[in-house]
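Listed below, chain by chain, are the residues.
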Amino acid sequence: MEFKDYYQVLGVEKTAPADEIKKAYRKLARKYHPDVSKEPDAEKRMKEVNEANAVLSDPEKRAAYDQLGSRWQTGQDFQPPPGWDAGFEFSGDGAHGGQAADFSDFFASLFGRAGRDSGTRDYQMRGGDHHARILIDLADAYHGATRTIALRAAKLDASGRVVTEKRNLNVQVPKGVKEGQHIRLAGQGSPGMGGGPAGDLYLEVQFSPDSRYRVEGRDVYQTVPVAPWEAALGATVEVPTPSGNVQVKVPAGSQAGRKLRLKGRGIPGNPAGELYLVLEVVLPPADTDKARQIYQSMARDLAFNPRQKLGV
Amino acid sequence: MAQDDILAGFVLDEVALSLEDLARACAVEPQWIVERVEAGLLGSVSLKAVEWRFVSADLARARRLAALERDFDANQELAALVVDLIEEVGRLRQRLKAAGLTVD
Chain R
1 MEFKDYYQVL GVEKTAPADE IKKAYRKLAR KYHPDVSKEP DAEKRMKEVN
51 EANAVLSDPE KRAAYDQLGS RWQTGQDFQP PPGWDAGFEF SGDGAHGGQA
101 ADFSDFFASL FGRAGRDSGT RDYQMRGGDH HARILIDLAD AYHGATRTIA
151 LRAAKLDASG RVVTEKRNLN VQVPKGVKEG QHIRLAGQGS PGMGGGPAGD
201 LYLEVQFSPD SRYRVEGRDV YQTVPVAPWE AALGATVEVP TPSGNVQVKV
251 PAGSQAGRKL RLKGRGIPGN PAGELYLVLE VVLPPADTDK ARQIYQSMAR
301 DLAFNPRQKL GV
Chain S
1 MAQDDILAGF VLDEVALSLE DLARACAVEP QWIVERVEAG LLGSVSLKAV
51 EWRFVSADLA RARRLAALER DFDANQELAA LVVDLIEEVG RLRQRLKAAG
101 LTVD
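Taken in order, these protein sequences are the chains called R and S.
Anchor point for the first sequence: position 15 equals 15 in this note's numbering, and the numbering is continuous, going up by one each time.
Anchor point for the second sequence: position 13 equals 13 in this note's numbering, and the numbering is continuous, going up by one each time.
Hint data in this document are derived by calculation from the structure and do not stem from the laboratory.
Don't take every hint at face value.
[Claimed, not checked] Below 27 Å or equal to it, Euclidean Cα-Cα: the simulated DSSO-like pairs (lysine-lysine) are:
1. R:Lys175 with S:Lys97
2. R:Lys175 with S:Lys48
3. S:Lys97 with R:Lys249
4. R:Lys259 with S:Lys48
5. R:Lys175 with R:Lys47
6. R:Lys178 with R:Lys263
7. S:Lys48 with R:Lys263
8. R:Lys31 with S:Lys48
9. R:Lys309 with R:Lys290
10. R:Lys38 with S:Lys48
11. R:Lys38 with R:Lys178
12. S:Lys48 with R:Lys44
[Unchecked claim] Quick list of simulated restraints, FRET-style, between CB atoms:
13. S:Ala39 with R:Ala145: 22 to 30 Å
14. S:Glu29 with R:Gly144: 34 to 42 Å
15. S:Lys48 with R:Pro34: 47 to 55 Å
16. R:Asp287 with S:Gly100: 47 to 55 Å
17. R:Ala139 with S:Val89: 25 to 33 Å
18. R:Lys14 with S:Ala39: 40 to 48 Å
[What the hints assert, rightly or not] These stretches of chain R come out as covered by chain S in the derived footprint (C-beta under 8 Å, 3 or more residues):
19. 125 to 132
20. 167 to 174
21. 177 to 186
22. 210 to 218
23. 227 to 235
For glycine and all other residues, C-beta sits at the position ideal for the given N, C-alpha and C.
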């Protein structure tokens, strides 16, 4: 486990007063806000910043951390010395309860509450809820699927120390799920204390990017390339869609950008979404004499001015 | 639990959250939710609190509100205003994407 320098994370001196820590935290919280930030690793950085703040903004935790701090540097292999927190009492994670699940092994080893609270037998508390994201393919929303996600969870080892354990969960992704929806898995959050029930796990559904499809709610948009004569004269073309190949009739006189709606072929549900096929007219290359001849005869015979609407 | 057990959960929206569920999922007190619902900042419910039900969008919204209020000591109206804007930008980005356009 690596030692974490929380002062470095927040970019403050070890002697920084509380209001300076607060200021530094807010500045970074704004910079790495997951809804706003354009930094590629915003989410990871935000977690680090939250973790550093959870320790340094709490006088008890900060004092305990400072006692360790001077002897360690970032990235150094770290084990807490036995009894390192003797004389400190932590008043729980109240203010940050929902976040603590996201914190590092390092944090858990110092401030993990499972270890500290396990002695209080007559005290029951439900475990905290956890939140995570699950990335699925669009096809999974059409057909349903089973996905494995890796989570970390804090637990006690044989000698009563808090360790984090990786666990894999196989999760059934129900058919018809939309982006942004949550799947709730009862009892898969933090274990309860003193026999209290475990918390729940909420998984927010996200679709992995797929350049073929664009999704809006349950409606799906897909671009379909067509030849100029298919658009002009009409044609029946075969299109691979998320729900399988379909034969689609392109009406005569179609222009690029025309949307063909296939009712109920979006993401299944009640009501099911629509599938919109957006026509894209693709020109054959004029790279042979024959092709050039055909383009020349069109230019000659069609008397077509594509810029008529521009008034030229 | 065996490693290869397959867990089936509930999709929120089909099975909605109660007031207590939502409060727990956001690590706040139920009263925190009640205040924001009554102030019109969260959810769209007119029944008695015991009958309130919340869906995915409410959960995402409530977690954002709680994070903004906590991280910036924002008052509830200001946090709600920021979340309104975040949600609006999200919708617009979705529409841009559906139109085949992207913003950086």
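Structure-based check of all given hints:
1. R:Lys175 with S:Lys97: holds (23 Å)
2. R:Lys175 with S:Lys48: violated (33 Å)
3. S:Lys97 with R:Lys249: Roughly 26 Å separates the two Cα atoms, so the pair holds.
4. R:Lys259 with S:Lys48: violated (45 Å)
5. R:Lys175 with R:Lys47: violated (32 Å)
6. R:Lys178 with R:Lys263: Since the Cα atoms of R:Lys178 and R:Lys263 sit roughly 17 Å apart, the hinted pair holds (cutoff 27 Å).
7. S:Lys48 with R:Lys263: violated (39 Å)
8. R:Lys31 with S:Lys48: violated (40 Å)
9. R:Lys309 with R:Lys290: violated (31 Å)
10. R:Lys38 with S:Lys48: Violated, at roughly 41 Å.
11. R:Lys38 with R:Lys178: Holds, at roughly 24 Å.
12. S:Lys48 with R:Lys44: violated (40 Å)
13. S:Ala39 with R:Ala145: 22 to 30 Å: Violated, since S:Ala39 and R:Ala145 (Cβ atoms, about 40 Å apart) do not stay within the stated range.
14. S:Glu29 with R:Gly144: 34 to 42 Å: Once the Cβ atoms are compared, 37 Å apart, the range 34 to 42 Å for R:Gly144 and S:Glu29 holds.
15. S:Lys48 with R:Pro34: 47 to 55 Å: About 34 Å separates the Cβ atoms of S:Lys48 and R:Pro34, which means 47 to 55 Å is violated.
16. R:Asp287 with S:Gly100: 47 to 55 Å: This hint is violated: roughly 27 Å between Cβ atoms.
17. R:Ala139 with S:Val89: 25 to 33 Å: Taking Cβ atoms as reference, R:Ala139 and S:Val89 lie about 28 Å apart, which means the hint holds.
18. R:Lys14 with S:Ala39: 40 to 48 Å: holds (41 Å)
19. 125 to 132: holds (count 4)
20. 167 to 174: holds (count 6)
21. 177 to 186: holds (count 8)
22. 210 to 218: holds (count 3)
23. 227 to 235: violated (count 0)
In summary, the structure is inconsistent with hints 2, 4, 5, 7, 8, 9, 10, 12, 13, 15, 16 and 23 from the numbered list given earlier, while agreeing with the others.
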